[in-house]
Amino acid sequence: NGKPLASLNSVKIMCDSTEIGSINHVTPGQSCSVTYNDTSNGIRNYSIYAVSEKGDGMPSVVSLFVGTDIPTSPGNVKLVDANGIAHISWTAPNIGMNGEDIAPSQLTYDILRNDNQLVAHDISGTSFDDVSVDLNTSNQQFCQYAVKAKTVAGSSDYAMSNPIVKGAPYELPFHESFPNGSLSYGFWGTDGIGAKWSISSNTSSDNDGGCALFNPSRAEGSSTLYSGKINIAGLSSVKLDYDCYVTPGS
Numbered sequence: 050n051g052k053p054l055a056s057l058n059s060v061k062i063m064c065d066s067t068e069i070g071s072i073n074h075v076t077p078g079q080s081c082s083v084t085y086n087d088t089s090n091g092i093r094n095y096s097i098y099a100v101s102e103k104g105d106g107m108p109s110v111v112s113l114f115v116g117t118d119i120p121t122s123p124g125n126v127k128l129v130d131a132n133g134i135a136h137i138s139w140t141a142p143n144i145g146m147n148g149e150d151i152a153p154s155q156l157t158y159d160i161l162r163n164d165n166q167l168v169a170h171d172i173s174g175t176s177f178d179d180v181s182v183d184l185n186t187s188n189q190q191f192c193q194y195a196v197k198a199k200t201v202a203g204s205s206d207y208a209m210s211n212p213i214v215k216g217a218p219y220e221l222p223f224h225e226s227f228p229n230g231s232l233s234y235g236f237w238g239t240d241g242i243g244a245k246w247s248i249s250s251n252t253s254s255d256n257d258g259g260c261a262l263f264n265p266s267r268a269e270g271s272s273t274l275y276s277g278k279i280n281i282a283g284l285s286s287v288k289l290d291y292d293c294y295v296t297p298g299s
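So for the sequence shown, this note's numbering puts the first residue at 50; every next one is plus one.
Note that these hints are calculated values from the structure, not bench results. It cannot be assumed that every hint is accurate.
Result set (DSS-like, lysine-lysine): computed pairs, CA atoms no more than 27 Å apart in a straight line [claimed, not checked]:
1) 278 with 288
2) 127 with 278
3) 103 with 61
4) 127 with 199
5) 127 with 197
Work the whole structure out from these sequences, hints included.
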């Protein structure tokens, strides 16, 4: 009713629906404190209410994350070819999904390769060498990795590395004319925004019935067509020759 309290019987402290403390023989306006060692992980709702001879008062409630936080994803995941070995590095997250600080000692990592093989499990540190794959043998294809961070509370989402090409490099002389709309070499890659490359049998510059065709969908479109790895070891310079045809009026 807004009138000053004459007396109080106690103050009750709750964590969710469990009473975790009680202070008896308190007086109105008295400062009180309770220490509670919560060993769980997650969001907890702490409430405090006073008790008088008239009954229980309205609770004051605060929500708080306690324990070890779930990590955010690793940053700057990078893949490089280190003399034929896939070397993956990353930066450790230092903030959890609930905004709590995370120490490096609390973290472990899983690493997944793009052939769906889990190549590392519960490792520490911020780098890993995948010695199970040789980047310089077999047919060329993309190689890529994903890294996730873990604590006792849970796991982050996977963070992707850049892709690189693995496989035996092609030797010189390297000649590709896309005969009859097909590939002489197994690996070619493309990327772009508002444009794409395709292999066509509609025209050719050397009468073999094939070419690589650039198809922009808008004036500002751009795209890249790139080959696989080519061995240029021991050469001081290399030369690229190509034929280009632009449709008149385009």
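Hints, verified against the model:
no., hint, result
1, 278 with 288, "15 Å, holds"
2, 127 with 278, "19 Å, holds"
3, 103 with 61, "15 Å, holds"
4, 127 with 199, "19 Å, holds"
5, 127 with 197, "13 Å, holds"
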